[in-house]
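There are 2 protein chains.
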Amino acid sequence: MNGAQSLVQTLVDAGVTVCFTNPGTSEMHFVAALDDNPEMRCVLGLFEGVVSGAADGYARMADRPAATLLHLGPGLGNALANLHNAKRAHTPMVNIVGDHATYHSHFDAPLTSDVEGVARPMSHWLRRSRYAAEVARDGAEAVCAAMSAPGQIATLVLPADTAWDEAPGPAAPLPVPARATPQPEAIEAARAALASGEPCVLLMNGQALRAPALAQAARVAETSGARLFHDTFVSRLTRGPGLPAPERLPYFGEQALEALEGTAHLILVGTRPPVSFFAYPDKPSSLVPEGCTVHSLVGVEGDALAALTALADALNAPASVNPVQPPRPEVPGPGPLTPATIAASLGVLMPENAIVVDEAATSGFALPGATAGSPTHDWLALTGGAIGQGLPTAVGAAVACPDRKVLCMQADGSAMYTVQALWTMAREKLDVVTVIFSNRKYAILQVEFMRVGAHNPGPKAMSMLDLSNPDIDWVAMAKAMGVEAERVDEATAFHAALARAIASPGPRLIEAVI
Amino acid sequence: MNGAQSLVQTLVDAGVTVCFTNPGTSEMHFVAALDDNPEMRCVLGLFEGVVSGAADGYARMADRPAATLLHLGPGLGNALANLHNAKRAHTPMVNIVGDHATYHSHFDAPLTSDVEGVARPMSHWLRRSRYAAEVARDGAEAVCAAMSAPGQIATLVLPADTAWDEAPGPAAPLPVPARATPQPEAIEAARAALASGEPCVLLMNGQALRAPALAQAARVAETSGARLFHDTFVSRLTRGPGLPAPERLPYFGEQALEALEGTAHLILVGTRPPVSFFAYPDKPSSLVPEGCTVHSLVGVEGDALAALTALADALNAPASVNPVQPPRPEVPGPGPLTPATIAASLGVLMPENAIVVDEAATSGFALPGATAGSPTHDWLALTGGAIGQGLPTAVGAAVACPDRKVLCMQADGSAMYTVQALWTMAREKLDVVTVIFSNRKYAILQVEFMRVGAHNPGPKAMSMLDLSNPDIDWVAMAKAMGVEAERVDEATAFHAALARAIASPGPRLIEAVI
Numbered sequence: 001m002n003g004a005q006s007l008v009q010t011l012v013d014a015g016v017t018v019c020f021t022n023p024g025t026s027e028m029h030f031v032a033a034l035d036d037n038p039e040m041r042c043v044l045g046l047f048e049g050v051v052s053g054a055a056d057g058y059a060r061m062a063d064r065p066a067a068t069l070l071h072l073g074p075g076l077g078n079a080l081a082n083l084h085n086a087k088r089a090h091t092p093m094v095n096i097v098g099d100h101a102t103y104h105s106h107f108d109a110p111l112t113s114d115v116e117g118v119a120r121p122m123s124h125w126l127r128r129s130r131y132a133a134e135v136a137r138d139g140a141e142a143v144c145a146a147m148s149a150p151g152q153i154a155t156l157v158l159p160a161d162t163a164w165d166e167a168p169g170p171a172a173p174l175p176v177p178a179r180a181t182p183q184p185e186a187i188e189a190a191r192a193a194l195a196s197g198e199p200c201v202l203l204m205n206g207q208a209l210r211a212p213a214l215a216q217a218a219r220v221a222e223t224s225g226a227r228l229f230h231d232t233f234v235s236r237l238t239r240g241p242g243l244p245a246p247e248r249l250p251y252f253g254e255q256a257l258e259a260l261e262g263t264a265h266l267i268l269v270g271t272r273p274p275v276s277f278f279a280y281p282d283k284p285s286s287l288v289p290e291g292c293t294v295h296s297l298v299g300v301e302g303d304a305l306a307a308l309t310a311l312a313d314a315l316n317a318p319a320s321v322n323p324v325q326p327p328r329p330e331v332p333g334p335g336p337l338t339p340a341t342i343a344a345s346l347g348v349l350m351p352e353n354a355i356v357v358d359e360a361a362t363s364g365f366a367l368p369g370a371t372a373g374s375p376t377h378d379w380l381a382l383t384g385g386a387i388g389q390g391l392p393t394a395v396g397a398a399v400a401c402p403d404r405k406v407l408c409m410q411a412d413g414s415a416m417y418t419v420q421a422l423w424t425m426a427r428e429k430l431d432v433v434t435v436i437f438s439n440r441k442y443a444i445l446q447v448e449f450m451r452v453g454a455h456n457p458g459p460k461a462m463s464m465l466d467l468s469n470p471d472i473d474w475v476a477m478a479k480a481m482g483v484e485a486e487r488v489d490e491a492t493a494f495h496a497a498l499a500r501a502i503a504s505p506g507p508r509l510i511e512a513v514i
Numbered sequence: 001m002n003g004a005q006s007l008v009q010t011l012v013d014a015g016v017t018v019c020f021t022n023p024g025t026s027e028m029h030f031v032a033a034l035d036d037n038p039e040m041r042c043v044l045g046l047f048e049g050v051v052s053g054a055a056d057g058y059a060r061m062a063d064r065p066a067a068t069l070l071h072l073g074p075g076l077g078n079a080l081a082n083l084h085n086a087k088r089a090h091t092p093m094v095n096i097v098g099d100h101a102t103y104h105s106h107f108d109a110p111l112t113s114d115v116e117g118v119a120r121p122m123s124h125w126l127r128r129s130r131y132a133a134e135v136a137r138d139g140a141e142a143v144c145a146a147m148s149a150p151g152q153i154a155t156l157v158l159p160a161d162t163a164w165d166e167a168p169g170p171a172a173p174l175p176v177p178a179r180a181t182p183q184p185e186a187i188e189a190a191r192a193a194l195a196s197g198e199p200c201v202l203l204m205n206g207q208a209l210r211a212p213a214l215a216q217a218a219r220v221a222e223t224s225g226a227r228l229f230h231d232t233f234v235s236r237l238t239r240g241p242g243l244p245a246p247e248r249l250p251y252f253g254e255q256a257l258e259a260l261e262g263t264a265h266l267i268l269v270g271t272r273p274p275v276s277f278f279a280y281p282d283k284p285s286s287l288v289p290e291g292c293t294v295h296s297l298v299g300v301e302g303d304a305l306a307a308l309t310a311l312a313d314a315l316n317a318p319a320s321v322n323p324v325q326p327p328r329p330e331v332p333g334p335g336p337l338t339p340a341t342i343a344a345s346l347g348v349l350m351p352e353n354a355i356v357v358d359e360a361a362t363s364g365f366a367l368p369g370a371t372a373g374s375p376t377h378d379w380l381a382l383t384g385g386a387i388g389q390g391l392p393t394a395v396g397a398a399v400a401c402p403d404r405k406v407l408c409m410q411a412d413g414s415a416m417y418t419v420q421a422l423w424t425m426a427r428e429k430l431d432v433v434t435v436i437f438s439n440r441k442y443a444i445l446q447v448e449f450m451r452v453g454a455h456n457p458g459p460k461a462m463s464m465l466d467l468s469n470p471d472i473d474w475v476a477m478a479k480a481m482g483v484e485a486e487r488v489d490e491a492t493a494f495h496a497a498l499a500r501a502i503a504s505p506g507p508r509l510i511e512a513v514i
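Chains W and F supply the protein sequences, listed in that same order. Counted from 1, the first sequence has number 300 at position 300 by the working numbering; the numbering is strictly sequential. Counted from 1, the second sequence has number 195 at position 195 by the working numbering; the numbering is strictly sequential.
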């Protein structure tokens, strides 16, 4: 058994059974070891941003890490943007980054770079294996680090000779520390705030947005009258009948402050105080209303379910409540295709147990409201703002949940960053329906250009914010990578196309020209 | 005038008149400043790897840096792979990386990351502007650093408020230090070696591969009998009538050692001792033959033209020599399309003053030989081994040299990493003919899998090294991004298609199924 084989078996033994790969020469022994191990599934991405984004989507749905396989510093560099998103989502992930053999590095061959330097900004845990005999132990520690609360990015640099040299065997899985138990003082402070009669908001993310925790949050809200919000961008939010529907904190700071206006107590559950996504001249960075007291019920690393349960119990809330779900929207009639009609179609047609991947950007504002009445589904959002996350996350979610339909709501500009994900959808026959919101511009930047107080954009600035000239032909793009596709630009035609796509297994793409 | 305007004017004043951009919200004032300045050309890339690769290709041809505009840590992360290649090519480049406003960073908004940490591994010079009043000076220093020998990557982090706050005005360009003059001892050592009667090789890269230096190398070779080689991957090599044709050092170590076998003196001119691209079990990392003495005539940062001139003079070489150019190849006859027939067609059809961008990988081995008899052209190669460099470099070369035809010889697997470059070719109507070598596999990895001594690949390993299932439809891919394309799989049909493409202005793509 060589080092690579000992590592793959260690990963499998620790529950890591999917590897998203984009290997190179220095990873060939690891590829051979993957090949040897029938319990490890390998999924090829044609670009590393697909690989890291897929590992993010996989772990958000599977609640255990996938491995990635990346090629030296530049391959890791290509993965960084979606590692950033995964880090912000508190996604567990184990990156295996091949590097030159230990004795080859000092020759400074063309692909030599500071791999740890590239990894560090987006990794919580980082190690370079020194000997084949240590690789298995390093792998076990990497998985443990990845699975430690709140979920971490673990990066293991694997020099080629540590993969090919002889190794004693796999290492046993390490025990993962339990999530931090809630602090009684924090529960009492939140209880007192909720009992004060003053306006209260619970702002939630992470584990607080899973069904069991949401059921407890509903008890708190019903008893106290507190309003429930979730962060603008959620790692995973379960929605549907029987669950409360927290409001989405608006993206733009002014709107967020308006939504929170008058709040006397902001109680954080698995998140941090809200801040403006960007700074703007003469606008506040903090989105905590003036005079509002902030309480942290439980941090991102804590046990949100236990904390919310304890809080509800402390409030003497009824054992369970049954929030009223809003109705599904009307079927859109004939007319122009708009983000609102697309959202309505999604709300009407969403099947039971769907997974919605939301990188719809400016085109997606109507989506949460229109789908509030849909059957049970999970919602995955762009947590770190590094665009190009939607298509890869859909890949990973579909690999994790082969029995669930994935609906990828995807802005066109963002889609281009990791468009290679379509090929992986085709190869793996993943059950993903991708809707491309084809507005042919970086619409958010056209808004932001004005919001930051730059003057009216001239033609040169506009051309930097515009995706026309030429228009991207998304049907040809999908066809190029083996995904069936159609283009629609009218509301009822879109509705019919979405119904057809949802009814068909395997990947489909709809270019929605809006 | 704000900080952004002062920076753009400083760049223009220092000769940086092209900015390859992929901006976000934090860069909107810089976009506005670009818009204001009629001397700055802006070219949008739909992914940051296109932006950095284009800046590399531009500077290799223009001999002055382009600027890039990138969006925080993740945007810079997406650019890293081609920054690595540019760093290895000693390409001058100025990266402007927007970041949150100085006072916003501590709020740790979702897009916050360690921008300097991401930049450091691929930057020679790195600075964060602190105040708007310093931005212009920082920009002038960045350009100076970029242009300092041998050519450097300069990265300037620009917090949003340093762009939008008031600034006093542009900074004057700084004097760029001259290249280091050759050391008399180094020239004498090389002369003595060449006069020894023992077998000598000059191994060259960088400035030594431009026409004036090559003419001097030809004098040295003719007088001394030394053989001329260039590194496997060249930043820019000028070829054609009247110039010597250095041999390409083979990619695989065994072949490189064989090519250099018997060499008593290896004289380095603008490069470093040859090393194996990767380590392999039981194969040497150094490619210097045993018993061979290595001399450095001039380092990468030195004046290769002056050094070669002094060396030729010291050898009392004739004032000029006129190397015999090999004949052009035969027009390929009917038959299967192969890398060899493609190379022959390129050799026959290459127009005067073409620029060849070579990321053909395993399909490109025949290209240098078949084009040795072609009219004058420049050759740009994948210097850092980070694939996905070809299409973006072609973009940049075409922007730098609008009157020259760019011929991009591109492997299919590598093309996928930065395929978005096709869109920029279409938007800017760049005169680029792209030939996709469509072998539908990572052929190099299938070779390397065996070479590293892994066992015969099983089906799972093979599927990680294979691009079929589904095949990529490159005609649809090009069409998706507005580039005219056709598919050929026969030698005479390819020849005709290449002739048509070369005769047509603007971007064209040929999928060569091999």
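Take the hints with a grain of salt, since some may be wrong.
When chains are identical, the list treats them as one kind, so a pair holds in a single copy or across two.
What the hints assert, rightly or not - Simulated crosslink set (EDC-like; lysine to aspartate or glutamate; CA at most 20 Å straight-line):
1. K460 to E428
2. K460 to E301
3. K283 to E39
4. K460 to E254
5. K441 to E134
6. K283 to D303
7. K283 to E428
8. K441 to D489
9. K429 to D403
10. K460 to E258
11. K429 to E254
12. K441 to D471
In case anyone wonders, no lab produced these hints; they're calculated from the structure.
A quick look at each hint next to the structure:
| no. | hint | in the structure |
| --- | --- | --- |
| 1 | K460 to E428 | between (41 Å within a copy, 13 Å between copies) |
| 2 | K460 to E301 | neither (46 Å within a copy, 37 Å between copies) |
| 3 | K283 to E39 | neither (53 Å within a copy, 33 Å between copies) |
| 4 | K460 to E254 | neither (29 Å within a copy, 52 Å between copies) |
| 5 | K441 to E134 | neither (50 Å within a copy, 33 Å between copies) |
| 6 | K283 to D303 | neither (34 Å within a copy, 53 Å between copies) |
| 7 | K283 to E428 | neither (47 Å within a copy, 37 Å between copies) |
| 8 | K441 to D489 | within (16 Å within a copy, 37 Å between copies) |
| 9 | K429 to D403 | within (12 Å within a copy, 46 Å between copies) |
| 10 | K460 to E258 | neither (35 Å within a copy, 54 Å between copies) |
| 11 | K429 to E254 | neither (43 Å within a copy, 42 Å between copies) |
| 12 | K441 to D471 | within (9 Å within a copy, 30 Å between copies) |
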